[in-house]
Structure formats: C-alpha cells, structure tokens
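K.L.:
Chains as they are written, first to last, in my numbering: chain A, 1 to 231; chain B, 232 to 462.
Please note that the accuracy of each hint is not assured.
Said to hold, decoys possible - Under 8 Å between C-beta atoms, here's a sample of chain B residues computed to sit facing chain A:
| # | residue |
| --- | --- |
| 1 | Leu275 |
| 2 | Ala278 |
| 3 | Glu287 |
| 4 | Ser296 |
| 5 | Tyr301 |
| 6 | Thr305 |
| 7 | Gly309 |
| 8 | Asp311 |
| 9 | Ala312 |
| 10 | Arg314 |
| 11 | Val325 |
| 12 | Arg329 |
| 13 | Trp333 |
| 14 | Leu460 |
Bear in mind the hints are in silico, worked out from the structure with no lab data behind them. In this text the structure is predicted, and so the values were computed from the model without any measurement. Every residue, glycine too, gets a C-beta built ideally from N, C-alpha and C.
There are 2 protein chains.
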Amino acid sequence: MATLHHYPFCPHSRFIRLIFGEIGAELSLVEEKPWERRTEFLVLNPAGLVPVLVEEQGLVVPGASVIAEYLDETRSGGLDAMRRLLPQTVADRVEVRRLMEWFHQKFFEEVSGYLVTEKIYKRFMGADAGGGPPDMSAIRAARSNVRYHMKYIGFLAAKRNWLAGAQLSYADLAAAAHLSCADYLGDVPWDEDETAKAWYARVKSRPSFRTLLNDRVPGMAPAAHYADLDF
Amino acid sequence: MATLHHYPFCPHSRFIRLIFGEIGAELSLVEEKPWERRTEFLVLNPAGLVPVLVEEQGLVVPGASVIAEYLDETRSGGLDAMRRLLPQTVADRVEVRRLMEWFHQKFFEEVSGYLVTEKIYKRFMGADAGGGPPDMSAIRAARSNVRYHMKYIGFLAAKRNWLAGAQLSYADLAAAAHLSCADYLGDVPWDEDETAKAWYARVKSRPSFRTLLNDRVPGMAPAAHYADLDF
C-alpha cells in the first residue's frame, strides 16, 4: 500500500486523499507537521512541504500536482473513460490542469493559505518558527478574496455541470479540498453564490469526502455545518 | 504557427521560449504587460498571468506548467527518446516535474519573483497598480535566498550531469529561465558554486538561449557578463 505524508488541514494533502478515495485505492496516512522541518522528512522532500506520496517499492513522489500527474500515469488504467479524473483529450486536459493550478496556487495564495496558516498552523508552531496569534489583516484579505472565487466557481458549475466539463475531474477535487479547509474555519460565504453551493454539496456528498469530514483540529471545533451534507 | 503571449523578463515565459527553441518549433511572440490587466488578455487567461500559448486553431493554453505538459503531449513525438524534455519513464517524470515545481514556485517565490517585481515590473507599473521604487528588503531577501539554491543546483549537477538526470530536461530549462532573469540584474553569485556555474554555462551556450540574451529592459543595461558565454 502507498503511504501519504500529509497534514490533515493542508489543502494540497486533502486533494490527494480525495483522489485516492475516488479511484478506490487504499492509502496509509502519516501525519507530518511540515513547520517542524524534521530531517527525515526533508530527505523525502527537500522542499519541506506536504503532501509526499511514498510507494511500497520506495519511489517518492512529492507535491500535489506532481502526485496527480503520477497517479494519472500509474493508476488511471482501471478507470473507464467517464471516470478518468484527468480526461483523455488534449483540450480537456489543458482545462483541468488550468483549474488545478487556479486552486492550488491562486486560491491558496489568496484564500486558503492565509486561513490555514493564520488560524491553524500558527496555533501549533513554536514562536521561533513563526507561531503565535493570527494576523487579522491576512484573514480579512482571505475573506474578501474568497467572494470572487465563489462567483467563478458558480460561473463554471452553471456552464458545465462539473468545474472543468461534463465529468468530475481533478479540478473539482482541488477546488473542494481548498474550500473544505476554509469551511472548517467558517470562512466560506455560502450565500454568495447558489450554484457554487449546490456544486460543493454534490462533491461533499461523495464517499471520498467522508474522511475529510472526520478531521478535527485539536481544541478547535469545526463550523456547525462542516460535516452536514445538507448545509 | 503558435503564438506566445509573454513578457520578456517573466521567467515562466522564458521557460516556454526555451522549450520551443529546443524542440525547434517556430513561435510568434506577442508582448503582454500582465500588470495592465487588459480585458482582451483576461479573456484569454482569467488568472491574468503570462505565459499563454495560443494555437493557430485557437486552443488557449495558459501557464508554464500547463503549457509544458501540453507540449509533451502534442509536440514531443518528433523527438527521439534521448532528446525528450520530459522523459518517458515514470520515475524520471516525477523527478523532472519535482524540479520544475522547485524553480517555478519555490525559486520564484524566494528569488526571481522578488527581483523581477521590484527591479523591473515596478519601474513600468503605474502607482495605482503598485509601481514605484523597489523594496530593498525584498531584494536583500532574494540575494540571500539565491545562495542555497546555487548550492542545490551544484549538488544536482555534480551528481547527474543535467539537473534531473543524464539528459537535458524541462528541469534545466526552468532553472535556467529563472536564473537568467536574476543574471540580467547582476544578482546571481556565480562564485558561490563552480559546478552550478559550469552547468549554467552549458545551458547558456545552447542555440535555444540566444533569443533570451538579446532581450533588454528599456533604460536598464544588463549586467556586463549577461550575454557573455564565457562569463
């Protein structure tokens, strides 16, 4: 069985957990606190970031996008064309990858990165690693930025059923992984866009999502509706 | 012929120009100043970033990593296995992608992004778009961070000939694209690591690199050795 070195509230790690849920492959989880910069972990991934996938045979695959491409090349053979998370035509692959980058980079830089860093990571980091009380200006920036992202998600979902096209893809899993972290913290304005909310309800209801809904930050309860499928 | 919407000192754009040079495909260049946020450009790429590749048939491919994957899927058939910029075995692809991310994200966030933003972009941006004099603390951070990246490049090049393995790959082109921007500005400490310098001299001597060496920032001369192949 493959092992994923992850942090439960790292959105990029959640994305990989969702992929494994969707393809129905077993995955052993090992929690890593990346801010501790453990030497053994830096050997696995010199960049010091989760997620890192380690195959039973020893191959190390670091980084959400690199793992997603790797899984497409090694695990998608058993999925029929309708269930391929990275579709098979060239133009569709461009669109899925564009949206993966949108969420893993742009949404993370503007929303989810601020929220998990300020509200979760800094609770557990030592003062020398940058821990301490949250920077409220970063949280306010995230809460402002998330609004146009909700409208963009609504725009895409209205046009296409799923975010990148007619079928569920890596794009939906990336978007939902990042939103789910913000949602735990109560920072998703669900009344901003009805179509975006309906799309998220569909992703959240998938069996692959259950494991995420059971995660808890020690000492910090989730928003009341976090695990509610009918929110 | 495909068209690349690029900015000459955007390292991600330079990476795509190098790939086209290496695969020997013609490319039409259109300069875009991404900070102007032109409506026509935002239609091409809602993220507002260069590079964006537009195929003659109209397909739009935005983002350095997305374009690199797309070119591997559509343009690499004519290259023999030794010249594939994204190699064909699964483990080698993981390593090339890991290093592409290293330079496009980590090196950009820690070094090249600071340098081109502070020293070039802010010269030409209006005050309302964030233009103005450079933030010297950002430039100092970049000059400090670049040192360990030089050592890492030297470490990889000493072990493997090229950065990701025995053959030139996307990893070398990504690293060289980012370094070339810093080098124009005189901010690469070439005495930090002899092996890294020798590796860069090899990449810089390739015909694909010539176009980059002719770029000039209006009103700002390059470092004396910028276009010198024997620096």
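K.L.:
Where does the structure disagree with the numbered hints, that is, which hint numbers, in rising order?
P.N.:
1, 3, 7, 8, 9, 10, 14
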